[in-house]
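Here's the letter readout for the chains.
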Amino acid sequence: DTGVSQDPRHKITKRGQNVTFRCDPISEHNRLYWYRQTLGQGPEFLTYFQNEAQLEKSRLLSDRFSAERPKGSFSTLEIQRTEQGDSAMYLCASSFVYEGDHEQYFGPGTRLTVT
Amino acid sequence: GDSVTQMEGPVTLSEEAFLTINCTYTATGYPSLFWYVQYPGEGLQLLLKATKADDKGSNKGFEATYRKETTSFHLEKGSVQVSDSAVYFCALSEVNTGFQKLVFGTGTRLLVSP
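Top to bottom, those sequences are chains A and B. For the first sequence, the residue numbers in our numbering are 1 to 115. For the second sequence, the residue numbers in our numbering are 116 to 229.
You may find that some hints are simply not true.
Under the rule of at most 20 Å between Cα atoms (straight-line distance), these lysine to aspartate or glutamate pairs were calculated in the EDC-like manner [claimed, not checked]: (1) A:Lys57 <-> B:Glu209; (2) B:Lys192 <-> B:Glu178; (3) A:Lys57 <-> B:Asp117; (4) B:Lys183 <-> B:Glu157; (5) B:Lys171 <-> A:Glu103; (6) A:Lys71 <-> A:Glu44; (7) B:Lys175 <-> A:Asp86; (8) A:Lys11 <-> B:Glu123.
Hints are computed from structural coordinates only; laboratory data are not their basis. This structure is a prediction, so every number in the text was calculated from the model and none was measured.
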């Protein structure tokens with residue numbers, strides 16, 4: 001068990017460019033979550049997957065954002081036509097759902113800076 | 116909607132001092148409550164949790180009691196160490212939403228000096 005990993009850890013991009021982040025959850029975890037954390041704030045829920053199905057999306061997830069989890073393992077989060085307001089830490093978490101505990105394990109995050 | 120309010124920081128303490136970080140919540144159902152900690156340069160780690168009223172979560176000397184009557188989940192530690200310096204987040208998860216979305220407070224930074 002190597003924990004949740006995210007790549008890249010830091011990304012600097014110019015406004016209008018597209019960016020893609022990757023999250024590798026803990027193996028055997030069937031749920032995967034994306035959150036966004038801006039400076040001085042707590043993480044805010046964006047979306048989550050149960051295996052490969054995307055089951056819930058926040059209103060924060062505009063049409064420029066798309067997330068996938070093609071084989072129920074790793075996930076990608078793409079932001080098209082980035083804006084300065086997209087600058088934030090993007091956090092991924094995973095959990096194994098069974099009756100009772102649903103603890104979410106977080107990765108280190110990808111810090112996005114849009115210039 | 117559901118929300119979590121926690122005291123603003125930074126909280127500055129000397130080593131071995133007593134710590135309290137206040138957290139209150141608003142929820143329509145019966146949430147589970149959590150404290151997460153974020154050390155510099157690291158990801159969020161679950162510190163402790165409580166799933167029903169009057170439950171006490173504890174870990175690494177930290178404690179928090181689920182108080183339904185006051186909708187609170189205050190974090191306490193009897194004697195803090197320099198290594199406890201971090202940002203602490205209170206969070207809730209509605210059991211009846213089915214997918215366990217976490218709703219976080221804004222975080223409280225703790226600074227402990229020797």
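Comparing the hints with the structure gives:
| no. | hint | verdict |
| --- | --- | --- |
| 1 | A:Lys57 <-> B:Glu209 | holds (16 Å) |
| 2 | B:Lys192 <-> B:Glu178 | holds (6 Å) |
| 3 | A:Lys57 <-> B:Asp117 | holds (16 Å) |
| 4 | B:Lys183 <-> B:Glu157 | violated (32 Å) |
| 5 | B:Lys171 <-> A:Glu103 | holds (17 Å) |
| 6 | A:Lys71 <-> A:Glu44 | violated (25 Å) |
| 7 | B:Lys175 <-> A:Asp86 | violated (36 Å) |
| 8 | A:Lys11 <-> B:Glu123 | violated (29 Å) |
The structure is inconsistent with the numbered hints 4, 6, 7 and 8, although it conforms to all the rest.
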